[in-house]
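Letter by letter, the chains look like this.
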Amino acid sequence: MITANETQSWLDSHGKLSLPGSELTWLSSQRSAALEHFESVGLPGVRDEDWRYTNLRALKSNDYQLTSQSSLSIELAPTDNPRLVFVDGLLDKKASTGISDNITRLQDSFSQVENEFGSTLPKNQHGFTALNTAYAQDGYVLNLDAGQVLDRVLEIVFVSQSADTVSHTRNLIIAGANSQCTIVERHIGADGIVYLSNIVTEIIAGDNAHVDHYKIQQESNDAFHMGGVFINQAKSSNVKNHNIALSGLVTRNDIATNLLGQGAHMEMNGLVVGQGRQHIDNHTEVNHAVPNCTSDEYYKTVLDDHSRSVFRGRIIVAEDAQLTNADQQNNNLLLSANAEADCKPQLEIYADDVKCSHGATVGQLDPVSLFYLKSRGINEASANALLTFAFANEVIERINVESVRQELTHLIAGELLSGLEELV
Amino acid sequence: MLKVTNLHASVDGKAILNGINLEVKPGEVHAIMGPNGSGKSTLSNVISGRDGYEVTEGSIEYLGKDLLELEAEERACEGIFLAFQYPVEIPGVSNMAMLKAAMNSIRKYHEQEEIKAGEFLKLIREKADLVEMKQEFLKRSVNEGFSGGEKKRNEILQMAMLEPKLALLDETDSGLDIDALKIVSNGVNALRSPERSMVLVTHYQRLLDYIVPDYVHVLANGKIVKSGDKSLALELEAKGYSWIEGLSEAS
Numbered sequence: 001m002i003t004a005n006e007t008q009s010w011l012d013s014h015g016k017l018s019l020p021g022s023e024l025t026w027l028s029s030q031r032s033a034a035l036e037h038f039e040s041v042g043l044p045g046v047r048d049e050d051w052r053y054t055n056l057r058a059l060k061s062n063d064y065q066l067t068s069q070s071s072l073s074i075e076l077a078p079t080d081n082p083r084l085v086f087v088d089g090l091l092d093k094k095a096s097t098g099i100s101d102n103i104t105r106l107q108d109s110f111s112q113v114e115n116e117f118g119s120t121l122p123k124n125q126h127g128f129t130a131l132n133t134a135y136a137q138d139g140y141v142l143n144l145d146a147g148q149v150l151d152r153v154l155e156i157v158f159v160s161q162s163a164d165t166v167s168h169t170r171n172l173i174i175a176g177a178n179s180q181c182t183i184v185e186r187h188i189g190a191d192g193i194v195y196l197s198n199i200v201t202e203i204i205a206g207d208n209a210h211v212d213h214y215k216i217q218q219e220s221n222d223a224f225h226m227g228g229v230f231i232n233q234a235k236s237s238n239v240k241n242h243n244i245a246l247s248g249l250v251t252r253n254d255i256a257t258n259l260l261g262q263g264a265h266m267e268m269n270g271l272v273v274g275q276g277r278q279h280i281d282n283h284t285e286v287n288h289a290v291p292n293c294t295s296d297e298y299y300k301t302v303l304d305d306h307s308r309s310v311f312r313g314r315i316i317v318a319e320d321a322q323l324t325n326a327d328q329q330n331n332n333l334l335l336s337a338n339a340e341a342d343c344k345p346q347l348e349i350y351a352d353d354v355k356c357s358h359g360a361t362v363g364q365l366d367p368v369s370l371f372y373l374k375s376r377g378i379n380e381a382s383a384n385a386l387l388t389f390a391f392a393n394e395v396i397e398r399i400n401v402e403s404v405r406q407e408l409t410h411l412i413a414g415e416l417l418s419g420l421e422e423l424v
Numbered sequence: 425m426l427k428v429t430n431l432h433a434s435v436d437g438k439a440i441l442n443g444i445n446l447e448v449k450p451g452e453v454h455a456i457m458g459p460n461g462s463g464k465s466t467l468s469n470v471i472s473g474r475d476g477y478e479v480t481e482g483s484i485e486y487l488g489k490d491l492l493e494l495e496a497e498e499r500a501c502e503g504i505f506l507a508f509q510y511p512v513e514i515p516g517v518s519n520m521a522m523l524k525a526a527m528n529s530i531r532k533y534h535e536q537e538e539i540k541a542g543e544f545l546k547l548i549r550e551k552a553d554l555v556e557m558k559q560e561f562l563k564r565s566v567n568e569g570f571s572g573g574e575k576k577r578n579e580i581l582q583m584a585m586l587e588p589k590l591a592l593l594d595e596t597d598s599g600l601d602i603d604a605l606k607i608v609s610n611g612v613n614a615l616r617s618p619e620r621s622m623v624l625v626t627h628y629q630r631l632l633d634y635i636v637p638d639y640v641h642v643l644a645n646g647k648i649v650k651s652g653d654k655s656l657a658l659e660l661e662a663k664g665y666s667w668i669e670g671l672s673e674a675s
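Line order of the protein sequences matches chains A and B.
Per the numbering used here, the very first residue in the first sequence carries number 1; after that it's consecutive.
Per the numbering used here, the very first residue in the second sequence carries number 425; after that it's consecutive.
Misleading hints may appear alongside valid ones.
[What the hints assert, rightly or not] Some but not every residue of chain A turned toward chain B, in silico, with C-beta under 7 Å:
# : residue
1 : I378
2 : N393
3 : V401
[To be verified] Take a look, some chain A residues computed to stay more than 10 Å from chain B by CB distance:
# : residue
4 : G147
5 : D207
6 : L334
7 : E348
8 : A390
[What the hints assert, rightly or not] As a list, the in silico DSBU-like pairs of lysine-lysine whose alpha-carbon atoms are at most 35 Å apart:
#  : chain 1 : residue 1 : chain 2 : residue 2
9  : A       : K240      : B       : K563
10 : B       : K647      : A       : K355
11 : A       : K60       : A       : K240
12 : B       : K663      : B       : K427
13 : B       : K563      : B       : K546
14 : B       : K558      : A       : K240
15 : B       : K540      : B       : K575
16 : B       : K532      : B       : K449
17 : B       : K558      : B       : K650
It is worth saying that the hints were derived from the structure and are not from the lab.
Remember, predicted model here, so these are calculated numbers, not experimental data.
In this text, a Cβ means the ideal position worked out from N, Cα and C, and glycines have one as well.
For reference, chain A alone in the conformation it holds in the complex (with noise of 0.2 Å):
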């Protein structure tokens, strides 16, 4: 039974769950502890520190149904990729295609994860973290041998499509040595209904794996997206993380990675695109435990009307983390008078020997470059959109993927750029 802090009363109905798994004993207990360790903190409010600009008033006066099986409404553009379809965070199989050994879903996985699942999550996490560990039912597996390279992009689409909903949904990359893959998640919702959706990737890269993972971020309007991704990271491997959040009513990312072996590199891009009253709030974290390890972390965030952004970045260097060198930009772009970036970096360096640099700006588009553009013919509204595009690409030309790169060229730039992706 919870007796959270807040009561809620739709996560009554969590209790009834049948969860898949639960024979396996290690499962059962990392269910009731993550319940134990809800129970103690609650879902958050702003008191908490870490929450302290982000209201989830909206989010706990509203009621959930936990979701059910349902088949996929809406028309995807073809792939030649892989591609899982979850529906409302359960995987819809006949929307899906290249489920292989390698590429499974959570339900029928679980049995093969029990040294990954769980095993990146940091101790003080919050309730939202605690509970998808408690409830997670669904989710994709991507389990990659040593050696094994994806050659193609694994897509994975979170569809939400059913009102009132709320899905916990656990995926797990396990990168074996040497291994490499891009994964491309992508959250999407109908646009008018309000859910939940509480995701959590937990990244596991092998010595030297070369994991690159994309999370694009476009739910409904009136969506409420927690997300988490947990990153373990052995010597020499090398994570990108791409965390572009572009919708949404209020999100909330933690992406954190622990640098475990030497020589292992961490990279965090982040674009935030805000408008209406849309709120995003991403807390990164990069834990420095071991030396010779690097960061790169890039955070743009681009907010119009009357919408907010936080971006919490902290970089922990252990005592015995020597040589570290870590980088932290967050760049704020506020087109309207009315938009709110709050900023906080946090570095905790324990080690004398290395090199952590951060920066930190929040401003507006420059009146010379607008009229330099002008001047040459643009009008003031595609101006806008080439020097707002202009401030977006030093994160975008970091996308590897290149349908990506030219989606968000489209989508920031608008017509005035359209065909000139690779030019720019």
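Fit chain B to the known structure of chain A by using the hints.
Coordinates of chain B only, in the frame set by chain A:
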């Protein structure tokens, strides 16, 4: 083509132009010289429609239209081009992308079809050769990390691509070494034509050795105090701007 009549303009309430009269006919090249603070750059900014300049009196007629009624981008679409004294860096947008966006905006304004990618590439390569700009610069972000000379060459490249009817070159020679000055001047000279007029704003006579003007005007305290042919520039060079100060006070 361009007729400036009794133009008064101010910035932040401070009067900078105090009654400019200037007429530029098709194909003519006019040089406007003057000491710092005389209003040279203000004149080109007002003609190109930059924000922050208030016209308090007078008029500018361009191709029979009231220019002051047009937005900056409309003026550009109507064929006015300003080569900036300090070209702006735009990291994140390549030269090519900006130029194609600009060309297509101008074409759209004239209800013409967009330029085809192949045609555009052919054209930009040809024009880049004109200002001796290496192809790799075209793919680089607009002016980002360019030297002073490269920025000015890039301005002339843009001018060559956009084919204006009236080009305003604001201190295009400033910050150029002699080699860069020759390249820029050759580019500008190649763009001279009976239909295209140019107004060169410059502090030094040096530029006019390379781009020979039809007329030279000397600006002081927001007014044209003397006009003449190219020999006026040489006279000015010999006598110095203090000579002009005297003229200005006398007027």
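Verification of the hints:
1. I378: Nearest chain B Cβ about 5 Å off; hint holds.
2. N393: Since chain B brings a Cβ to about 4 Å from A/N393, closer than 7 Å, the hint holds.
3. V401: This hint is violated: A/V401 lies away from chain B, its Cβ roughly 19 Å from the closest one there, beyond 7 Å.
4. G147: holds (36 Å)
5. D207: holds (36 Å)
6. L334: holds (17 Å)
7. E348: holds (31 Å)
8. A390: Not fine: 3 Å to the nearest Cβ puts A/A390 too close to chain B.
9. A/K240 to B/K563: holds (26 Å)
10. B/K647 to A/K355: violated (57 Å)
11. A/K60 to A/K240: holds (33 Å)
12. B/K663 to B/K427: With a Cα-Cα distance of about 30 Å, the restraint between B/K663 and B/K427 holds, given a limit of 35 Å.
13. B/K563 to B/K546: holds (14 Å)
14. B/K558 to A/K240: holds (34 Å)
15. B/K540 to B/K575: Given that 35 Å is the threshold and the Cα spacing comes to 26 Å, the pair holds.
16. B/K532 to B/K449: holds (27 Å)
17. B/K558 to B/K650: At roughly 41 Å apart (the allowed maximum being 35 Å), B/K650 and B/K558 break the hint.
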